[in-house]
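Peer 1: Fit chains B, C, D and E to the given chain A structure using the hints.
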Amino acid sequence: MTDHVLTYMTFFPLAGMIVVLLLPRDRHELIRWTSAIFTVPPLLLAVWLYHNFDITNPGLQFREQIPWIPAYNIQYFIGVDGISISMVLLTALLSFLCIFASWGIDKGVKGYFALFLLLDTGMMGVFVALDFFLFYIFWEVMLLPMYFLIGIWGGPRREYAAIKFFLYTLFGSVLMLLAILALYFSSEPQTFDMTQLIAQSNKYGTTPLAIWPFDHLRWGFQHVVWMALFVGFAIKIPAFPFHTWLPDAHVEAPTAISVILAGILLKMGTYGILRINFPMLPDATADLAYVLLGALGTWNIIYGALCAMAQKDFKKLVAYSSVSHMGYVMLGMAGFTSQGINGAVLQMFNHGTITGMLFLMVGVIYDRAHHRDVEGFGGLASVMPVYTAISALAIFASMGLPGLSGFISEVLVLLGSWQKYPILTVFAATGVILTAGYLLWTIQRVYLGPINEKYKAMPEINARELFTMVPLGIIVIIVGVYPSVVLDLLRASLDQLNQTVVAHLG
Amino acid sequence: MNGFSPQDLNSYLVLGAILFSLGLYTVLTRRNAISVLMGVELILNSANINYVAFAHFSSGGVDGQIYAIFVIMLAAAEAAVGLAIVLAIFQIFHTIDVSATETLKE
Amino acid sequence: MEHPIQTDYLRWIVLLPLLGAGLNGLLGAPLQKRIGKWWVSVVACAPVVLAFAVSLAAFFKLRALHPEQRFLIDRVYSWLSLGSLHVDVSFWVDPLSAVMILVVTGIGGLIHIYSTGYMHEDRAYWRYFAFLNLFTFSMLLLVTADSLLLMFIGWEGVGLCSWALIGFWYHDHVNTRAGNKAFIVNRVGDFGFILGIFLIFWTLDQQGHGTVTFREIAQSASLFQGQQIWGAGVVTLATLFLFVGATGKSAQIPLHVWLPDAMQGPTPVSALIHAATMVTAGVYMIARLNFLFSMAPLTLGIVAGIGAATALMAATIALTQTDIKRVLAYSTISQLGYMFLAAGVAAYGAAVFHLMTHAFFKACLFLGSGSVIHAMGGEQDMRKMGGLRKAMPVTFWTFTIAVLAISGAPLTAGFFSKDEILWQAYTSKHSLIWLWVLGLIGAGLTAFYMFRQLFMVFFGDSRADHHTQEHLHESPKVMTLPLVVLAIGSIAAGWIGLPAAFGHNLFAEWLEPVFGPHEEVHASFAAEVGLMAVSVAVASFGVFLAYLMYYKRSLAPERFASIAGGFFYRLFHNKWYFDEIYQFVFVGGTLLLARVGAWIDQHIIDGIVDGSAKTTAFISWINGLFDNYVIDGMVNAVANITYWTGGKFRKVQTGNINSYLYVILAAVVVAIIVKLRFSS
Amino acid sequence: MDLGNLGSLDFFYPESILTGTILLVIALDLVLKNKRVVGILSLLGCFLALGATLQLYGSSGGWLFQRMIVLDNFSLFFKLVALAAAILVLLMSLSSREVETLHQGEYCAILLSSTLGMFFMASSTNLLMAYLSLELVSITSYILTGFLPHNRRSSEAALKYLIYGGVASGTMIYGMSWIFGMTGTLDYAGIHQALFSGAPNRVALFTAFVFILAGFGYKIVFVPFHMWSPDVYQGAPTPVTAFLSVGSNAAGVAILVRFFFPAVSQVAPDGSWRFLSGVEWPQFLLMVSMVTMTLGNLSALGQQNVKRLLAYSGIAHAGYILMGLVVLNNEGLQAMLFYIVVYLIMNVGAFLVVVVVANATGKEEIQDYRGLAWRGAVVPAVSMAIFLFSLTGLPPFAGFVGKFFLFAAVIKQEFYLLAVVAVINSVISLYYYAYIVKVMFLDFPEPSDGQIQTSPGAGILLGLLSCMTLVIGIYWGPLVAFTNQSLKFFSK
Amino acid sequence: MDLATVLFYLIAVITIGSAAMVAFSRNIIYSAFSLLGTFAGVAGIYIFLGADFVAAVQLLIYVGGILVLILFAVMLTHRITDVQITNRAAGRLPGLALVAILLALLIHTIRQTPWAKVKEVVYAPTTAKIGDLFLRNYLLPFELASLVLLAALIGAVVLARKEIRE
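Protein chains in written order, with our numbering: chain A, 1 to 506; chain B, 1001 to 1106; chain C, 2001 to 2680; chain D, 3001 to 3492; chain E, 4001 to 4166.
If we strip away everything but chain A, and leave its shape as in the complex, we get:
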């Protein structure tokens, strides 16, 4: 059991999918519970993983390495280290909670949960895969269920959103594929094994290329590959200007899917950059980080916050806040300091939990009022105090209020980036003000003020909804008060990773 723990975590949901497919289509309760049950083992294993993870070891742990297509040196190679562990845990948790958040789905239940479980496998796979080819497979596998989940169970403009998401992501991933191949062929012996590719990172030259028809390219091989990968990841992050699929996808997707999107899919972009661009192409990273991670990240923070401020649709507002918050991650990793990079990954984790809560929170009132117009509510605090309380927690966490998890990561990021880019940091820090601005405004418009007669009788948040939010809330507080619970997992690997890049800073 223990030496295949990751495999089990990854493929349990797949097994679940098969089982669900075998169930009769109209036994909805049965299907729901089955899928819930199949997400439990990964969660338990995640807890186990958390306990047995060696925080002193910067290298890979729980690795499994089996040849797959020997002819091309493709292997089934998975494992975790500080870079991925937090994401693995988050995935296990969120996919468990989101099953319950999806309880309300009553159209095509079977298909929904089957696809959901497939998606679960895909996500988990992306975070544990250490073979480039495997990584790509999982990366794409995730795409299809997402397309259908948004496209079939989404809102009115679901088709547009689904295809937009699909095209954007595919465009990114094919570029990534080219980059992968380029790396594969420049490695010796040719391999998809990430660890080996990293070991040979010195091979990938930075001498200017002459690619027909661009014979006078200023960039070297590394830069070109870096860019190809970066675009692929930036679309997922989503970094300006590749972010416009996000609002649509979020708005149209059903609540649980929005949670997954924001909580996990967005992280894959930044995760990919850390896992691949940083160690594999350190020189290019060193050259391009300032503009494409630092500056762009800062821009994301401010731009996202501003856009969020202008939104009338509650879900869109949250979506844009994600754009803003993912900016911190980019800025942090560009700082090349222990604080920055750790803060970045912590921010990934926190954003996963916090935004998860936010979307669930929106889902609660959407299920009751069937609209998401921020202006359309008001005075909910007196109608549903418990809901208000927990929402406030989520919102304040997202605001980066001290004592809650968001604060830790944001401060670490800003602190970490100051050393290299003080000016950028100053700008990024103004994001703190903007964020406070639009979130407080939202609170005021939705929860405070005179009671909106329309919703006098709105039922208080129910136990199931509470069950999906409370665990996240607890995590938010714990991490805020005692961040070591997460930071200790990351530190060793991330500091090492950071060092490898810092060594190439010129």
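Because the hints were derived from the structure by calculation, they are not lab data.
Each statement offered as a hint is correct.
With beta-carbon atoms standing in for the labels, derived distance ranges:
(1) G2588(C) to A392(A): 23 to 33 Å
(2) N462(A) to A3481(D): 51 to 61 Å
(3) Q65(A) to M3001(D): 41 to 51 Å
(4) V3267(D) to T195(A): 30 to 40 Å
(5) F3196(D) to Y4030(E): 45 to 55 Å
(6) I2605(C) to F3196(D): 56 to 66 Å
(7) E3446(D) to D488(A): 53 to 63 Å
(8) D488(A) to G2588(C): 38 to 48 Å
(9) Y2077(C) to L3417(D): 54 to 64 Å
(10) V3267(D) to I4014(E): 47 to 57 Å
These figures come from a predicted structure and were not determined experimentally.
Using N, Cα and C, we set each Cβ at its ideal position, and we do this for glycine too.
Peer 2: This is chains B, C, D and E only, laid out in the frame that chain A set:
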């Protein structure tokens, strides 16, 4: 062997080339299925002239001639099929109202 | 300072209120419903009182120590430890924070007790106390934190609580807006604060001493010497950043605008948060980092200047206000200005001294006004009051004492602390004479508007409507008792800081380990007494004017109002138009930007995306056109096979072969030509 | 090994079996009443031939019939592909309403002779044989296209097809005649020898090659010889369309490779091919490839008729397949072979779905697929989705692996531009493939749309094909090995 | 300039002339008939090239077969009552230009190219040799061709007879 004479390979080739061009021109400019078929026949003949000429001047032996014979055979086969199709179409128009028939263009 | 004394009970000073907050926050509602409000009150007040007791214990522990070792620390756990950044959750008490925790828990405790009376009728009683406790916790965290980062938590925490309590009656958007204003303005300050922290940390880190802990910063303060960034001295810039934070919290120009609106909250809240404790955090922070500020004369100058300016400006506004609480609010701003003035002339001791005395009399004033409002049934407009002194004697007397104190009547606390400040402003080598002048004028104005308030509220005959008059009554004991205590405080608190002239300044001495030896100003006894006389004179003049205008009514205020065509009056009455300007520039600007951003997103970026999609579609359409019309259309146009049916011509298309052949042939020809050119 | 006519017969079983079957079918068709038997019979014949071919696979190889055709793994590979196509199409035909109305006997006979023609296309090593086999396939294709009785669409398509075919093959033989003139022989080996010993005129050679490409390209359906395919695909009976789309495409590739690689290029020990210096047909193909995939995809965007759409997507895929040629090395060729197999599976699958839907509704417009998944046709819908995504090239489906190898080969040779064009194209292609999927799943059926029954046979076949698509996508080792092995050209 | 050459010129002129008629004539029937001239002329060329058998085949199959087929088709699809069949053609000029250029290129290339040469050109009856080769070297193509013809036959029947079933 300059100039245009029966002892000169090139003269035959040029002849073939001219036929080929004429055939091509027919195919190009004609809208009419049968005319186009005629153009094809011209092309085939031009090729045949080449083959026979080459057989005579270049390779010796009769390989080229045999090739030509096969070309002629297949030309016949093709023509037969082509005619059959034309006939089929022709018959269709006896029975179905043409104004209602849509063409292949979407 | 080498080996601090480890203790393990300081944490309780901080945690007890948190406990109260947690209990009331989670169980308050059911408790209140099932068992009743008194239980909530116990849960709320007990922790604070206990915390006060612990603080006293800590205080006496310190007293017992040799001045050089007056320093207790309680390390709880390691909070953050990344790279060179190591931050513990640990609390410390040194003479300075000792003063603060005593003030916070002491006065805070009183206000808690007072609130049990004041808020008794409120439905959300439990919520009120939950937040009040939470505030106490944050404030204590702020003052006992041993590192900048931990302090920042308290710093923002108090902001949150102030937001929650200002907007306590959230059904009215006026309140919630006031709350948001407070929070956001504070955030602007925090923005400066956090940047200051970064700058300090990295500057030290470059020299291998990266830290955010006060003690270590103090030890390696020398490292800042000569450090430059963006062409300015690091210390100057860092202290300026921090000062931005201070202005935000302590409502100094230009970030003072939130405090008056904050009066929307319940009065005890105004007393605790917006008079006694939170707003003084800025002063505390500067005092805490005095060694840095002392290294940055430029910053000090700015601090002093802004302090003096605020003191004066707020006073002028206070002259024209008619809302009983707003007058107090502006007087608070003005008094805070004095404190910054003091800090700005490096007289940190004086600043903290005034902070303490101010806490007493201002709390007293607010609670007094609260008691009045309570009696008037929520009425806050002074013009509708008057003649209350018979109806509510206790309130009247305590209020009067406080007014005397704030006006600087001799032998009251305010007298000593304010004179200390003016004296320092006059003599300090960091100071300029005009600072003293401004301070002096401010003092005069203060005396004027405070007495104006006193007269308008308590003297003359009542201007309230009949109904209210009938219900006039003295407040219950739980409310008057604190008033009395505070009134006593507003007199006695001053005596521990007697000016050097009258002998021995205990307070300065107590703070010496923190601020270093109080540099001796070589001025004669006569000079000091002389200055006192002057300020007393100015003050009395203000009182006299107020007497004429609002008691004797022999002098019409309008006369003054109409000076310079009423320009000044309008300026003061409209608070120097700060709100309007900010609303237009910042709020408007941001919203505009936001809309622009959203528009760009929707139209430009998505435009490009959809555009590219459209282009592709368009190309394919063209392409289709080519297929279907250019090629086949040409074919359709000209007749094809024609054959006989019913005497009509019928066509069948051979399709697009011809036109395509053109293309092909052209391609081939070109290819061959190219080939020719290159091969020959 | 260089055998005469009699000696060759031992290595000629597959062809002989097919021929026998053809004759038998024709004969039986005259006497039998139950036409289904004919179909079964021809299936049997195909399976027999399949067995025979497999049995020959891997043998040392050699020239047969006086160097008319060659026996090597490469040719056998394409024979297998042709047989597979034939078998699948026959199965498809058995479950197709459309075909039931036809003259089964002739239908099968023509189909089989077409298959036989493909056999010869794959194995001919003589200009004459090449021409003959090409014509055999062409003529049979015309007939199959025009097979629908009383259907103007079908007949017109046939006529069109015939005319294009005539022009293309005419041009081709004209080009061939020049080769013959320059080398004095029709035999590939001779041609190779002559070309590489002498110093032929580059221009003449290039012209000849271009003309010959017309003939081949018209079978592979690459631009600009593609114009017939949309109409023909739409007009022909669906199974025939499927057959043409995979069979003649593959055969065309075979004959093209056979001529342009072993005959007129030289292979270096490292498996990279050197073309005659100064005769840049690879560059020509490079351009053609880019144009083909782009034009195909763009044209597909607007289509409303599924068969027509698949026709254009077929053009696009021809472009992808060409990528494997232009890189001029064995990786490329191997990737190409791999892709052909994969394309066979997924494309036939897609057309099978078309047949299923057409059986129920008799329509082929995309709109008729509205909410397919919710109309009791889950299996066809899901498998269609799989095929389409596979055609797009998404993992974990076979199509991805195919594209992956092609890209790999291209990038290895540093044809970055081509790679980028191909990548952008596959993104574009997603758009119309996903559109069909959207219609099937994301739209919901109107009351007017009836339920759709799937015959068990078709259901099983679909399941089989989609499973293959999935399995190859995840574990393709064996197939790679097979294609690797199939890359043996016999020479000397 | 001997008789042969004159004759050759004559035949060449006939061939090209009638081919031109096919290409340019506005009347499909004229085109069809002038095709006869071309075929015959080509047959003559074959004679010049010493390919007597091919010439015979050409006459038999082309003139006797294909041409008849074509004429049949023309007649069939042509309205029997004498309506002038318009046979307009589009894009003559561009076509002409294009083809002219191509022709020029071809001729240029032909002249440039060093074609293979035999030692000495022989004139000998070929029929026997051809027959022999058909049964030896070209056995397979021969059989294949028969298959093609068979398929074509069947196909033609199927396609043409379909309306009988109605």
